[in-house]
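Protein chains: 2
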Amino acid sequence: MKLLNESKTFGGRYLQYSHQSSTVKGDMRFSVFLPEAASDKKPVPVLYWLSGLTCTDENFVQKAGAFRKAAELGIAIVAPDTSPRGDSVANDDAYDLGQGAGFYVNATQAPWAEHFQMYDYIVKELPKLIEANFPVSDRRSIAGHSMGGHGALVIGLRNAERYCSISAFSPITNPINCPWGQKAFSAYLGEDKQTWKQYDACELLSDKHAVLPMLVDQGDADNFLKEQLKPTNLVRAANEHGSALELRMQPGYDHSYYFISTFIDQHLAFHHKCLMD
Amino acid sequence: MKLLNESKTFGGRYLQYSHQSSTVKGDMRFSVFLPEAASDKKPVPVLYWLSGLTCTDENFVQKAGAFRKAAELGIAIVAPDTSPRGDSVANDDAYDLGQGAGFYVNATQAPWAEHFQMYDYIVKELPKLIEANFPVSDRRSIAGHSMGGHGALVIGLRNAERYCSISAFSPITNPINCPWGQKAFSAYLGEDKQTWKQYDACELLSDKHAVLPMLVDQGDADNFLKEQLKPTNLVRAANEHGSALELRMQPGYDHSYYFISTFIDQHLAFHHKCLMD
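Sequence lines, in order, name chains A and B.
One point on numbering: in the numbering used here, the residue at position 178 of the first sequence is 178, and numbering is uninterrupted.
One point on numbering: in the numbering used here, the residue at position 210 of the second sequence is 210, and numbering is uninterrupted.
Hints are supplied without guarantee of correctness; some may be wrong.
Copies of the same chain are indistinguishable here, so a pair counts whether it falls within one copy or spans any two.
Pairs of lysine-lysine residues, derived as DSS-like cross-links and limited to a Cα-Cα distance of at most 30 angstroms, are as follows [unchecked claim]:
| id | residue 1 | residue 2 |
| --- | --- | --- |
| 1 | K8 | K69 |
| 2 | K63 | K2 |
| 3 | K183 | K193 |
| 4 | K42 | K183 |
| 5 | K226 | K41 |
| 6 | K2 | K226 |
| 7 | K197 | K8 |
| 8 | K226 | K8 |
| 9 | K63 | K273 |
| 10 | K208 | K183 |
| 11 | K69 | K273 |
| 12 | K2 | K193 |
| 13 | K41 | K193 |
| 14 | K197 | K208 |
| 15 | K226 | K183 |
| 16 | K128 | K2 |
| 17 | K25 | K69 |
| 18 | K124 | K42 |
| 19 | K41 | K128 |
| 20 | K197 | K42 |
| 21 | K25 | K42 |
Don't read these hints as lab results, they were simulated from the structure.
Values in this document were obtained by computation on a predicted structure and should not be read as measured data.
From just these sequences and the hints, can you work out the full model?
Right, here's the structure in full:
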């Protein structure tokens, strides 16, 4: 790991690293917040934050205002990048495909399959790296925004034994039924739509009862609400097997970090309760 | 005024505008946070935030995490840009002169004098515009970071009747005695150093007792501390006439917004007390 940036904040430390990932076969960046309380004798739990389209590891750490509450609660935060990057990595001119748009899947199709293995990176390689190098426990929760909200829901639902709780802001809840998801999944996974369902939160919830608690906030002034995000599909799917989803429609809020910053403290408190259980 | 962006946040509103400024003779941008409580019947006081070198009106509003506390306290925040901008405005290739580096002075020298009238813009034109168009009172405080900390100190000290309190993070306290200030003042004000003193917080404090309370936070891991910021000069000058300066050296903190976000709530509480007096 190579340290790129370091700043003291709220008594703890903000750290940014790059490392050579064997999963995505290239350099990956991530950001970490470590509360002052974290030590090898007193490891702290970790919230993984997955960001949305066009984002890097830095958007959340700069704009969400999450470190104050995380410091108070004694929670570490890890924010990975949203895809592999670099001149040798496949890309597309559109903002919603390729670099910055990994969609947290393991791609099976050329030219994406070589590097775009974000599902395995987030589920397996990154937590192993974090737990080997920082004073954190193996208590994990996962959260995200938009494409990252989709990632958090899918990864949490498929790996309930690895996480304590799931939350999302404005998630793409049903990617197999929206333009962003259909475009990305066609490219990364190919035209056999059966292979798409493992990466769709609504499909996963329709299939069985979810054991983890889920908190979702969605602004009702979000421009992407009806065409891309479809939160009512998530509620319907969660109800099929009585999964514990709290979805809150927040009146007047949009898709931005001004929305996320307003409610991030409540998400951190929700995860804290589950992480400490 | 032209509305460029609007988002609901912490129950209030983030707004970004451009307007045609008669003072700087061109378009200027500013950002505003209005707490939910603000109304024509119940106008709220305003904190003006002046940003540092290279910044626009957006850095503070995105990175400081200030809106949560401002909403709670019922304070509006106005963050102007740091200089005039545009193809027809004089500029320099360096980051510390020209666009993004107005230094909150009224330039007297070519080619800067035509547009770089930031002192008058901040003191006169902007508050008039804000108070005519938003549900705010004429209770004002002023704060800033680095170059903007210099601006806040100088503007507050020279216009005590217009403000209730002054605060700064990592301010350039003594620009006539540091490289950033000497370069900028030479360009904007010319070689007669007598004209520089009206824009130097240490000179102003050495000249007379300051009637406004001042809070300054300075990280001791700030790379610019010794060569550019010189907080001990400010303490010495404030002591000459018994001016009320609280300067806090914060161990381990650097020059970044990770530092500002850590202590911004305390600055807002300090201003709130003075604004409500």
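task = Hint by hint, work out which the structure violates, then give me just those numbers in ascending order.
result = Structure breaks hints 4, 5, 7, 12, 13, 17, 20, 21.
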